[in-house]
Structure formats: structure tokens, C-alpha cells
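What follows is each chain in one-letter form.
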Amino acid sequence: MNTREILTLQFGHYSNFVGSHWWNVQELGFEYNTNTDNPSEINHDVFYREGQTNKREVTYTPRLLLTDLKGSLKSLPQQGYLYDPPVDPNKFETCWHSEVAIEEEEKIAKNEYQKEIDNPAEPKIEYNLEDSVDVWSDFLYARFHPRTVNVINEYQHESEETPFNIFPVGQKLWETDYFKEDYADKIRSNVEECDNFQGFQILLDANDAFGGLAMSCMEYICDEYENKSIFALPLIPSYYKDYSYTTEEESRKSGVNDQMRLINLGLCYNMLIENSSVFVPLSTSGVGWKTSSQPRSFNHVNYKPESWYHSSAILASALDTFTLKYRLKNTCYSLSDFAVDLTPYGRKATAASICLPFSLNTGGYLIDCLDNWEGPLTQSITPNCTIGSSRLMQLYTLRGVGANQLKKPSSVAGKQLDMPAYRCNTIDEMLSMYLAYTCHASASNVTSVSKGLQVKKPFPDIFDKRVGRNGNIIADDRNPDMSVQSVPIMTGLHSGSEIGNMIESLHTAMNNIKIARFQQYASAGLEKDEYNECLAKLFDFRELYDDNYVL
Amino acid sequence: MAAISLLNPKAEVARAAQALSVNISAAKGIQDVMKTNLGPRGTMKMLVSGAGDIKITKDGNVLLHEMQIQHPTASLIARASTAQDDMTGDGTTSTVLVIGELLKQADSYIADGLHPRLITEGFDKARAKTLEVLESIKIPIEINKEGLLDVATTSLRTKVHHNLADVLADVCVEAILAIRRDDKPVDLHMVELMEMQHKTATDTQLVKGLVMDHGARHPDMPKRLENAYILTCNVSMEYEKSEVNSGFFYKTAEEREKLVAAEREFIEQRVKKVIELKKKLCTGNGKNFVVINQKGIDPMSLDMLAKEGIMALRRAKRRNMERLALACGGIALNHFDDIQESQLGFAGLVYEHVLGENKYTFVEECKNPQSVTILMKGPNKHTLTQIKDAVRDGLRACNNAIEDKALIPGAGAFEITAYKALTAFKDTVKGKSRLGVAAYAEALLVIPKVLATNSGFDAQDTIVKLQEESRLSDVPVGLDLASGEPIIPKDNGIFDNYIVKKQIINSCSVIASNLLLVDEIMRAGMSSLKG
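Chain order of the listed sequences is S and V. So in full-length UniProt numbering, spot 283 of the first sequence is number 283, and the numbers just go up one at a time. So in full-length UniProt numbering, spot 327 of the second sequence is number 327, and the numbers just go up one at a time.
Looking at chain V on its own, in the form it has when it is part of the complex (with noise of 0.2 angstroms):
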């Protein structure tokens, strides 16, 4: 009898098999619905909610997301897969069917009787073999277009269609190119993601310079300009009451409209101050003006402002501050003290699109901007969903090449290298927990297998021809989906990132183990505040 139901008599345990049977067949449950998704060749998903709202999805994270995972277990992997995608941005399908081929195997294993404990141990030889291996087949590259856009290809051609990923890819590699300086590490933040519910997907584009989505409040204000100096700020412009103790008793309405000219003549002081700068510094000489301020503008300051001509725009996003001053040079003012031309930003074309009830300002022509902009574009609502889950991936992907300074062959080329030289070393190791590390090397030829069902072709076919190519092969050899026959990856640009293989091996073999060697699970909770 579990011990815990000698003091919790309504606990529910489940022991030893029972437990890792009830781990295992979950592992295969959530590996049943990932498996179809896996590569470039696998399904899309459809999500219909009952109120008629749609998701298209192929990205294994999405999905895990929007699946209500309710067993405990099969939520444990699903977590270890968004860790995965928080980490690298790819590769949470291949977390998911891997533990699962992990646990399968290792079932086999089990079931004649061998301790889950040797098991995990040859998971653990196999793994640190496994890194071994794939700091050997790491290929170093250059950091130019050429490098970046075949990972970036690779990873958005398993989420999104091949023409829409080859857009995507382009955009995104010129877009980390753009905001990348020196060597020091890329904040993706500076790249704005700006949707626009219009055309098609293939129409999504690159901006260098900000794109905002909402453009100048008052009629008079101009919609175009060129040449204009650009003032960022974070200053209210708007009217706000200052005084603490109104009461409501005994105020008319002549008294209040007073007060308030008294206090606006303070925001006045201010925008005046914007005016006489402009008037100094575009006069006669064809410059123009635009004001972008975080804080609000009310309609009287936008009023004056657009007597002299110039654009203002407020509420800006916060982060676009940051952006602005990196696109097109100049600082956040925080108050107009002492302000003077060496503060401004400067931009070739600021433009007002209007779509609907919806406004954009566009921000162009910036001289070397280190902030840009990824305009996506789409039909309706779940395109645009999935292109912008695309384009994280994608600039995810770009950004972690940048950083390994390497990339791994793709199309299963690093599981067949690793299943090779896993083989090799089993008989290296003395003692039963070899048989772990044939568990593992078997278990990573899910990714290849998987591959080549979702392609249509016979697993076991393909299997043997790559493991005879591979044998023959000093260079690792990967799958060709559309032929089904070998290849050699890096001559045909597919590449994956190292580090997402590598976050792939360490967390699925802990995982793995650490569900191996449950041998009890209980469910108790407190139901009273005396038991």
C-alpha cells in the first residue's frame, strides 16, 4: 500500500507499470496529434472554435497552445515545448515527437524487464554522444544574406506555404541585416511587427524606417510631407485638470471655463515652444515638421499645431519611441526645456494610409535606420495570425544563426548522422545501459521517419536508403522530400539552427528520464481545512 494513502486515504495513486504505462501512452497520445504536422510536406491544421472563429496553424507550439491539454503528464511534455520555443523559436514539434519515440523504445526495454534507472543512464551516455556529434557536423558560416536566408527559408517553409516563406524569409533576413551593428547581439524589438488587413499575404513587405498605426487627429493637418525633422516626446500636450479638491457643490459653468483657460495656458507654453522651433528651422528651405509624441494632444494643441503645418501624432506606442529615435536618429525629449535641432530626428517621407476606420503613418526614407519595420499584410484575421507567428520564427531563426555563428544540415541529416555514430559507440559501452543507447539512437530516427511519411513516402524504405547512403557518405546525408531519395543538404541550402538541436537533445532526454523513473502518481488535494 502507497504510504501516502495511509495518511490521505482519498488519494488516488496509480504504482510502478501502472504509473509509466499512464506516462507513456500520453507521450504517444500528444505525439499522435503533433506527427502529421512535421516538416514542409505535413498537414495544416484548421481550428473551427463552436462560435465559428478560425485558426490555421501548423506550428507545433500554436497548436500546443490552443489544444486545452488537460492530462497531466502530456502537459508536462507540451511545457518542455514551450520552453523550447521561448528558448529558440523552432523545433517544438520535434521536442514532442521525440520524447515520445524516447519513451517508446524505452517501453520495449522495459517490458523485459530492465530498470528504467540503466535506461536512463545509457540516455544520459548517449546524450553527451549525441552533442559530441552535432558540434562535429556544425557548419561555421559566414553572417551575410546568403548564410541567413537559407535557415530563415528552412524554418518558415514548415509553417507557411513555399512562395509566402520565401517572401517571409527575404524580409526577415534584410530586416535582422538592417538593425544588426558590429557584433553586438540583435534586440529583436527593434523590429515592428505592423499588421495591415489588406491584399494578400505575398504582398507582406519591409519598411525601413517605422510604420504606426494611427495617423494625425485633426482634418488640417497635412498627409504627406518630405524632408521633415521629427520630434519624439513624451510631454502632454492636453489639458488636464491639476487641482485636488473640487467639489461639486458649488461650481457654475463660467467659473469652471475660467479655470481651465488658466490652466491651459500652461500646455500652450508648450506647443508654442514646438512652433518657434519649427519656425527656425524650416523656413524657406522646404523642411517640414512632425511631432510624435507619446502623451495626448487635445484638439485645441492640435489646432495650433496645424495652423504652422505640422503633423502631429499622439499616443505613440511606447517602444516606438525607442524605435524612432534608432530609425531616424534624435532623442525622446522628455520636456521642451531646452530644445534645439541636434534633438530631432530627420526622415526623407512621413505619409498618412488610411484603410477603413484604421490609420497608418508611415515613417521613410531614414538615413541608416537600426529600426525597421515588417509590414504584414493579409486577406483577413487568421492570415495575418499565421503570418505574424511565421515571421517570429523566422526572425528567431535568423538571429540564433547569428549567434551560434553555425548551422546544422537539415532534412534529417544530423538524426542519421547521430544514429550512425550512435550504433558505434553502444558497443562501447559495458553493461545493460547500452541498451539505452540503442533506445536513443532509434528514438532519434523518429524526425526522418516522420519526414518521410508526411511526404508520402514508406518509412522503412526511406530509413534504409539514407542509413546505406549515410554509410557510404563522409558528408551527412538528408531526406529529399519531393523524391524521396538522398541528398546531400548543404549543397541544397537547407540548413537548421544548432542551437535548436541542441536545446532538442538536452531537454528531451531529461525529460524522458524523469518521467521513466516515475514509479507512482498521486492525486491529492487538500478538500478541507481539517483533514
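Bound-form chain S, shown alone (with noise of 0.2 angstroms):
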């Protein structure tokens, strides 16, 4: 079967977060040994690229577009350490005759883990990467090509002054010359390059001006790139600076913040309903638009909410695990099926749940699992919206249990022969059979890969003292000097009537705030009757997720 390529963008600082991470799973999971005798199950010529330096050196990196503002990358150069040589300004020729002023901002050294990539035969320093990450290119592990890096100069990463936080100044930036033109280039670069070019994953920061930039990009691959699926990952971080208010002051400035956050949000939708295949918003916070909003607690993980660095690992683990869907080796099924399956009646919002890890006992067995499980197999991570259990599409991934874990041989199994699950011999049919009978009216899929999640450094140790070294869970606390190498994980995408609220409350939300309040909108170029104008189309795609309409 040829390989049929994706290309992903990310759009925001948020998105690279979750990017990063998800790159780094991947590489992590890379297996070079080509003679063994379980090979890897993905295809990695899906997302990857086979390139070349001038030193004809092979390179393999992601067929990746990211952007972020300016002052976000850090230590990490813009064109990457992969093709070009860093230079070194004191030893430069110039070509100048009279005399150049070197203008040299302060030199940010690269912190412990980035040290250790460049140069890992020296001796390691001990050293907590958790306090060292500040922004997503401390703890990348992937390289990246040239041409991946975007970087928005207007705009200052983390500025008072002025913040990019507005949704039509994104959209107003992409209409700048220099950034479409070469940005659409870029995109057509990598398109050119693919023999089945089938679609784009774009991931981008929904509630900032990322999400007007990425609408914009949206609407322009829409025209120029008719009949390729786009995938939409609307993100939402879970926790902003101006959350820890102490002062009144700052308390009401969250607020508005707030809610133009959320008025970005809604503009975000809007569009995404109109030019994207199919979207899947992401938070671990449990609103998604709210500062007194609840995170998600997820069983044996610990994570910090406030930590970006942790909640974008939880988010990147269940990213790369239902796209597991399309870029399986033994797979036709394309990106474009998975936009159909997904969206039945027009329902272009889907929404994503996870198990992580998914607990198996150590020496347990999946059917013994399956029997014992209460309450739903996963936990919603779509922000303010529940799965519900019936009368759903849905796409379940499992990866991480092999098929020795399935069930007892018929020899040894004793209690398990009298279920009616012993006759399952793969664990999708097993799966597919218990969601059979869990959901009602749903139709389900399941697919599974036998090789977990590699959740080994830069991943962060998020997972409790119960968690074994690979995975499992094990009855006594695990050893302190053990990590955990790689975790089973499920992931579901579901399709169904709850979605439907999570528009309404978003509606109703809007509704209340007064958009002539805020005149940096008007001023950017929103108008009063476009916003009313979105709001009944957010009004109207609700209905299509009524029931009454179908079945």
C-alpha cells in the first residue's frame, strides 16, 4: 500500500506544547532495528518526511508547519540545528566594507536535557527537567527541518503591550504579503512533495489571535486545496497567568480576559464548521472557558493543571493515539474515511476521550478487565462536554495490550471459558463486542496496536505510585529508581447528541456579553452584525445535533 501523507500545522504556543510532545512519543517509538520480529505496526512515512542536508547527510523529520511569536523559541534557532551550521557572529566574513555593529541579544543557553541531546556521551548531570521547562523547545526531542519553524516578528511572545490575543488580528496578519505568500508556499513545498497528498492536521490555539491566523490559513487551503481533508484540533490551555490573581484588580482583569477569550472561542467554531472536515476540540480543563473551571482528573495520573508542560503531554498522548487510526501499516483507511465516519449529518464537532493509562492489573487479563469495569470506558477531554452512551458514532483506539494479555489459553482458563467473551480471539473483536453491549444504538470501531505509548524522558512523570514500569498497574508502590518506559492507553472519538449542548452553553455564554464593550474587536475589523451573524450559525449547528431529527 503507498503511503499517503499528512501535512500538520500548528498554530500557538499552546499547540506547540501539545506538538512538541506528540513528536517527541512518536521519535521515542521509532524502532531502527528492521529485523525483528515484531515490527512496528505504524507507518511513520505518514507524518515523516525522508530528507537530505548539503552534506548529504539523511534526514527524517516531521512534514511539519509550526508558528509562534517572536521570543517563544528560546535556545532553539530558528532554521534548526539539522542543515544549516550555527555561526558564529564574532568570526563572520561580511561582505561590507566599513565596520558592522553587532546588535547581540543575550545568549540563552540550553538547558540540562538539550545539552544532553546535543553531546550524549558526557557524563550526566543530574538535573529535573520539570523546573527547566519554560517554553516547548526545552524539552523537544525531535529535530526539525528548516523550513518548519515560523515565527511572527510583529508580535512579542508573553507581551503586556501588545498581546495577540485578538481573533481578527490573526486573520488580519495571515492578509499580510510576506506571511501568506510565504507561508502558502511553504505549505505548497510539502504538498509538492508527497506522491498521495491526503489531507492536513491542523492544530492551533483557539482562544487567541492563533485561532483567527488559523482560520485564515483554513479557509485559504479550503480554495486552494479542494477535496484534501482538513483535521481540526482546536486547543485549550489549561490554565493561564492571570488565573493566580491575589489582587481585586487582577481578579477583574482575568475576567475580561476571559471572556474575550471566549468570544475567540466562539469565532473559532464558527469558521471551523464551515471549512474543516472534521474538528475535535481538546482541554484537560473541564469548561474550557472559564477561570474557576475544574481540571479533569484522570485515575493514577498526578498532573499539575497549571503546568502546560503537563496537561499538552496528556493531550499529545491521546493525538497520537487515535491518529493511529490512518497510519497503519496494514490500513487503507484514509484520513477522508475518518472525516466521514465521524460527521454523520453534518456533525462536524466530535469529541475525544481517554483512558491513561489504561489499567490492566499486572498478570491480568483483558476479559477479566472488561468484566470488572464500572462506568465508562473513557473520560470526556473535550472540553464542557460529556460522552454520553448511546446512540453514538464511535472510533475506539487501544494501544499497549497484546494478545497474550487477551485471555486465559483455553487450558489454564478456568472461569473465563464460561463467559461469552472467551470465544473472542482479537482484541477488537473483544472490544467491539463489549461496546456492543455497553452502548446503546452506537456504532463502534476499534482499533489496537500491541506496542503502548513510550512515555520515557521527555514525557513527564505524571503517573502514580501504582503505575509499573510498563504500564501495568502493580499491587505494591513501584520502586523510586524506576521509571515508567510506556503506558497502554485507549483513546475514543464519539460523535452523539451531548456534543450538541456543549454548542448551546457555548451560545448561551456568548450570548451574555456585550461585544460593543470591546472595542479592540471593532476596532480590529469585527462588526456587531458579523458576531450576531456567527452566534445564529453556532445557534444552528446545535440543532443538527437533535435527535429527533434522526433515526
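Simulated from the structure, these hints should not be mistaken for laboratory data. Take every hint as true, because none was put in to throw you off.
Among chain V residues calculated to face chain S with C-beta under 7 angstroms, some are:
{"hint": "1", "residue": "T43"}
{"hint": "2", "residue": "S49"}
{"hint": "3", "residue": "G50"}
{"hint": "4", "residue": "A51"}
{"hint": "5", "residue": "G356"}
Cβ atoms here follow ideal geometry from the backbone N, Cα and C, with glycine treated the same way.
Using the hints, put the two standalone chains together into the complex.
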């Protein structure tokens, strides 16, 4: 089967956090030994490209374009490390006869983790990666192609003076000549080298101006690459700096910011409905647009919701798992099939859920595990959305449970023999059966991969003590010297009527905002009528999820 | 108490004299940063980011974009300067210098108690007079190579090294002349700028045809063809799934393959049409066939084309479709229904050049190309960026000259002449606004002064010399940066664009007047929804 390539676009700082984790876990999962008994089930060529530097060194880098603001890269040079060696400004040969004034910003030192990647041979210094992560490039293991990183020079990262937080500002930025031309050309070069290009995955920060930028880019893609699928993942960070206010003044400011984020989110959803093939909002926060919203908690996971490094890792593991569906070696399932199956009746918004780690006891079997399972298999990571259990189109992916963990061999099966599920011979079969019994009037599809998710460094250490080295649940606490290497994980994507409630609550919240009070939007070109139109469209979209129209 | 503070007690306010001094110091600050870069002898700036990214430039506009300007007044000036660049492509540093100097001059009068309003009135009168001077000294030109070369060289020498500037100026002028048709306005988009990280900057050259940054994606396709028909089209030649309601629950790989085969049939028909045409036109006459498609071409279609010896490129830039039609004739097709020879273009030579993982396709030896490519070369990324910025400005300078059909003597000659005219004019102005005229005249001198300083001469000495010379001479006098002595710029081939100067005069006067009339600066914003 030919490789059908996908290009990934990342817009915004949080998206890049999630993206960095995602590329890291993929690269840590690479198998370099080609003649093993069980070669990788994943076709990495879907997301990766092979290249060659001018020195004829072979490179293998993600098909990726990412965008961030000036100053957000810290120690990572825009061109990356692979193709051009860094230039020493003091030894630089100039082609200018008079003097050259060097304006040097303070050099940003790499953290210990990055140094370790550069010189793996050097003796290791003890360090805590957790404390040294400030931006995503600090824990980036993957190495990028020079054209991957795009920096927006007009706006400074975390600037108080000129924040990049108004949706229409992002749309305007796309329209500037040099940005659009440059970016569009990079998309084109990436697509040109693909033989069977099938579509785009877009990760975007949905509640600041990056949403606007991404939406304008998406409009362009729809226009230029018709018939290609677009899988959009609007991301909502779990935490903002202004959440931890101390004074009343700061609390009010945070409230204002919240409302602006909500407006951006609504405008973004509105465009996603129109231009994407399918979109899945992701966040570890419960509501997604309120300071006061509760962060979600996950079994056997201790994470700090205020750390982007942590919360993005959870989202990245979900992302890496549910995208397996269309990048396995033995499948002909394409991104467009994926989009069509998940969006019946034009329900383009879809919810995602996760079970990390998929809690299987050490030495236990899936059959028993499912038999004793209480409640839903997975837990929602789509903000302000519950999954429900009936009338769903759903797609489950389980990885990290091997065929030998399915059931006991018949000679020693004992009580298992009495279970109806014992006749299932594959994981897919058994899970499908389980889902058929538990979800009413639903269509479920299951994919499974035997190898677990790689959670070695730089993945944060977020698992509790009951999670063993291979991710299974152990009876006693894990030896503190040992770290978790890989975990089984299950994700689900669900399209059902509950998502309508998410759209409705967003609509209600937006309806309460007096847009005229936010003059920034008016001055950036958003008119009141447009806003009302957007509200009306969200309301119409909501109706698609009403079950009385279908079945 | 400012009225706003009654309404919003948290607003920060700066008033009257204080407001003015805030504006003036901001203008001075940004002027100081840019000052050293003016003119061919100004210094280069190398900007090194914390991660080691390098940017080398001398271009005022590039610098302004790179600097994070936080001060509101400074960013206002920066925006005026960016607007200058958008309009004309040159004169950004001058804009910043002149605005700063106008404010500085005005400041000393205001300190003596003169009302800013009177100064701005003076500025306005002086501006009108300066424009008259500008009209009087403009030199009409013939649009030919010599005429344009001077202005391109002058503009480029302020941006890159002399040797390189001469190469680039030549390339720019040739490019403009190649695409210019009679008296129609020139569309600069029809000059493609292509970068190649290779060799040195002075290897930059003009290709009278088109260079594309991709090549044929099939190993058996020819790498070099002579006498080739060029088919440009926007027709998909790749299999795309058309059915909408798939449903993954019950599809086997076999069923699927069958479906694919049926769908492919449709695409194959398209490819066959191209092959048919190729066979009809190129059999036995030594001619060849190239397909350049804006849409995709999948491996199976590529294979069919390769078997026929056709070179095929996929996913060409949208703009290249237009350029190809202009460079080698023919029209870009949207379907193959009625495909004919007359719709094809023709090129004498099409070949591929491989550089690391990048492929380049050259379409050359076109008859009468109306679209050309400037192939920029350089050993590293920052050199290429620098050349690209310079080439853009060089093209704009030529284009401006064509549109104005006139040039202005450079090397500070215009400013000296205007100063002379304004000093005479001042005596005819009644009332205190004549002081504004005087301030304006002084301010213009900042350009020759800074030119002199940057070349290592004493500013006062030079200005005095120039003024004396100017009094005796009828033609405008400028500054020779090599010797520090007065010269006649016209004889030395130093010219500036008319529109650049005109724009500087207009925008600087307006911005400076606006800033002078500001008597209150406040920072107030909505901090809560109730407030």
C-alpha cells in the first residue's frame, strides 16, 4: 500500500507544546532495528519525510509547519540544527567594507536536557527537567527541517503591551503580503513532494489570535487544495498566568480576559464548522472558558493543571493514539474516511476521550478487566462535553495490550471459559463486543496496536506509584528509582447528541457578552452584525445534534 | 486636572510640556538608533538573537521590523516609515531622521515660548515651498538602461556592498526592461525572485525565463529537454476519492481496490489526452513536451507520462501559471477538452538542477519573455535574505523612476537646495510662523549632516562648504562621500527617486505636526466590565 502523506500545521504556543510532546513520543517509539520479529505496526512515513542536507546526510523530519511569536523559541534557532551549522557572529566574514555593528541579544543557554541531546557521550548531570521547562523548545527531542518553524515578528511572546489575543488580528496578519505568500509557499513545497497527499491536521490555539490566523489559513487551504481533508484540533490551554490573581484588580482583568477568550473561541468554532472536515476540541480543563473551571482528573495520573508541560503531554498522548487509525501499515483507511465516518448529518464537532493509562493489572487479562469495569471506558477531554452512552458514532483505539493479554489459554482458562467473550480471538473483537453491549444504538469501531505509548523522558513523570514500569497496575508501590517506560492507553472519538449541549452552552455564554464593550474587536474589523451572525450560525449548528431529526 | 481623570481615576496622564517632551525624546531615541545606517557609508547592523539566529541589514525598514518598539510615539514614527517603504521601497531611514530632526528643531523654539500651532503653520508653508523646489530640480529621463541604472545603483549602494550593488542594479534594470511593455504600468510580480543557497552573492543572475523550486518527481523522466512545448494547466491528475458516504465498518481492501481502479479510469483519460497531443506534435521533429500543473500528479500518472518521455511538474505556484504564460506563451488550461497547439507555450531549453534535497527547474531560451526570474545566490540564509530585501528595493527604485519619468539629484543635493530656497522664502513670511519655516529648513539639513558624519567627516565643516558651493552654483550641489568635498551629483550619476522625496516631505511634515500638537497623552483602558 502506498503511503498517503499528511501535513501537520501548528498555530500557537500551546499547540506547539502539545505538538512537541507528540513528535517526541513518536520519535521515541521509532524502531531502528528492521529485522525484529514484530516490526512496528505504524507507518511513520505518513507524518515524516526523508531529506538530505547539503552535506548529503540523510534526515528524517516531521512534515510540519509550526507558527509562534517572536521570542518564544528561546534557545532553538529558527533554522533548526540539522541543515545549517550555527554561525559565530564574531568570526563572521562580512561582505561590507565598513564596520558592522553587532546587536547581540543575551545568549540563551540550553538547558541540561538539550545539552544531553547534543552530547550524549558526556557524563550525565543530575537535573530536573520539570523545573527547566519554560517554552516548548526546552523539552523538544525531535529535530525539525529548516522550513518548519515560522516566527511572527510583529508580536512578542507574552507581551503585555501588544498581546496577540484578538481573533480578527490573527486574520489580518494572514492577509499581510509577506506572511501569506511565504507560508502558502511552504505548504505548497511540502505538498509537492508527497505522492499521495491526503490532507491536513491542524493544531491551533483556539482562544487567542492564533485561532484567527489558523482559520484564515484554513480558508486558503480549502480554496487551494479542494478535495483534501482537514482534521482540525482546536486546543484550549488548561491554565493562564492571569488565573492566579491576588488583587481584586487582577481578578477583574482575568475576567475580562476570560470573556475575550470566549469570544475568540466562538468565532473560531464558527469558522471550523464551515471549513474543516472534522474538528475535535481538546483540553484538560473541564469547561474550557472560565477561570473557575475545574481541571479534569484522571485515574493513576498526578498532573499539575497549571503546568502546560503536563497538561499538553496528556493531550499529545491522546492525539498520538487516535491518529493511529489512519497511519497503520496494514490499513487503507484514509483521513477522508475518518472525517466522513465521524461526521454524520454534518455534525462536524466531535468529542474525544481518553483512558491513560488503560488500567490493566499486571498479569491480568483484558477479558477480566472488561468484565469488572465500572462506568464508561474512557473519560472526556473535550471541554464542557460529556460523552453519553447511546446513539454514538464512535471510534476506539487501544494500544499497549498484547495478544497474550487477551485471555487465558483454554487449558487453564477456568472460569473465563464461561464468559461469552471468551470466544473472541482478537482484541478488536472483544472490545467491539463489549461496546456493542454497553452502548445503546451505537456504531463502534475498534483499532488496536500491541505496542504501548512511549513515556520515557522528556515525557513528564505524571503517573502515580501504582503504575508499573510497563504501564500495568501493580499491587505495591513502584520502586522510586524506576520510571515508567511505556503505558497502555485507550482513546475514543465520539459523535453524538451530547456535543450539541457543548455548542449550546457556548452559544449561551457568548450571547451574554456585550460585544460593543470590547472595542478592540471593532477596531480590528469585527462588526457587530458579524458577531450576531456567528451566534446564529452556532445556534443552527447545534440543531444538527438533535436526535429527533434522526433515527 | 485632566478631564479623563474625573471619569477614570486610573488613567495615566501626561500633559502639555510633559507630553511634548515625551514625544520628542522618543523621536530622538529612534533617530539615534537609525542614524548610523544612512547612506552608502553607514554601518551594517548584525542582529543576533538569543538562539544565535543572525540577520544582517542596513535597511531602515528591516531594522524597524526587527526592533520591538514599545513606545507609542516611536511606534507611530516607525509606522510612518513602514508606510514609506510600502509606497516607495526606499527612504525609511530618512523618514525617521527627518521626523526626529523636525521635532528637535521645534523643541528649541517651543522652549522659548513659541506656541506649537505657529510652528506647525510654518511647517505647512515650508512644506509647500519644498515641494515647489522638488518640482524645479527634477530631471526628466529617458527610460532606458543608462537612465535606470544610476538610480538603481544609488539605491542599492545604500543597502549592500558596492560590488554586489553593481551586480544587483544591473540585474534589476534588465529585469524591469524585459517585462515592461510600452507605456503600461509594470507589474513587479512578474519578476520571480528565486533563492538558491549556493556559491556567492555576486553570482546572482537574471534568467530570461522562469526558475521553479521543484522538479519532476519520477526517476525516468528526462532531466533536460530542448525545443519543448510547455503545457501549463490547472487540472488534477491524481486519484482523489469522490464518494462521500464511505463507512469504514464493512469495507475490505479488495473491494476498495476495485473502487479505486474504476475511479482511476477517469484520471487516466486525462493523462491520455496529453499523451495524444504530445504524439501528434512531437513525433519525428526533435521537439519535446513539458507539463507544468498547478494541481497534483500521482505516481501512476507520472509513470504514464515518463514512458512517453514527457517531463511533468506538479503543484506549481499559482502565480507561476501567469508567469509561464507570459514567459513562453500559451495559456493556462483548466480542462483538456479541446486541447490544441495554440494553447501551448514554447521554450528552447528546460532543464533540472539538483542541490541537496532541492530541485530547480529552469525554463529558458523563451522567445520574447515578458516574465523573468532573478536567481539570487548566497552561501547562507542570511546573505540570501539580505539580497532579497535589496533586490526588492532595487526593482522598486527602477519602477518608481519609470512611473515618475524623472529623477532627483542625490547625495544630499536636494536638501541643500531646499535649504537655500527656504531661507530665502522665510523672509517673505509674515509673523511668527516664519520661525517654523526656519526650523524646517534646518531640519532638512540632517540628511547631508548624517551622510557626512557616517563617512567620517565633520558635519559642520561639510555643511558650510556645501552651502557656499551651493550659493555659487546654479545646479544642485551634493556631497562626495569619498572626499568630503562638494560635487555635482548629476555628473556623477547619483540620483534619487522623485516619489521617495515627495513622500518623505509629505509624511514627515504631517507626523511631526501631529506630534507637536499633542498636549495630552493618556493611557486608559477598560479594566473591568462594570467600570
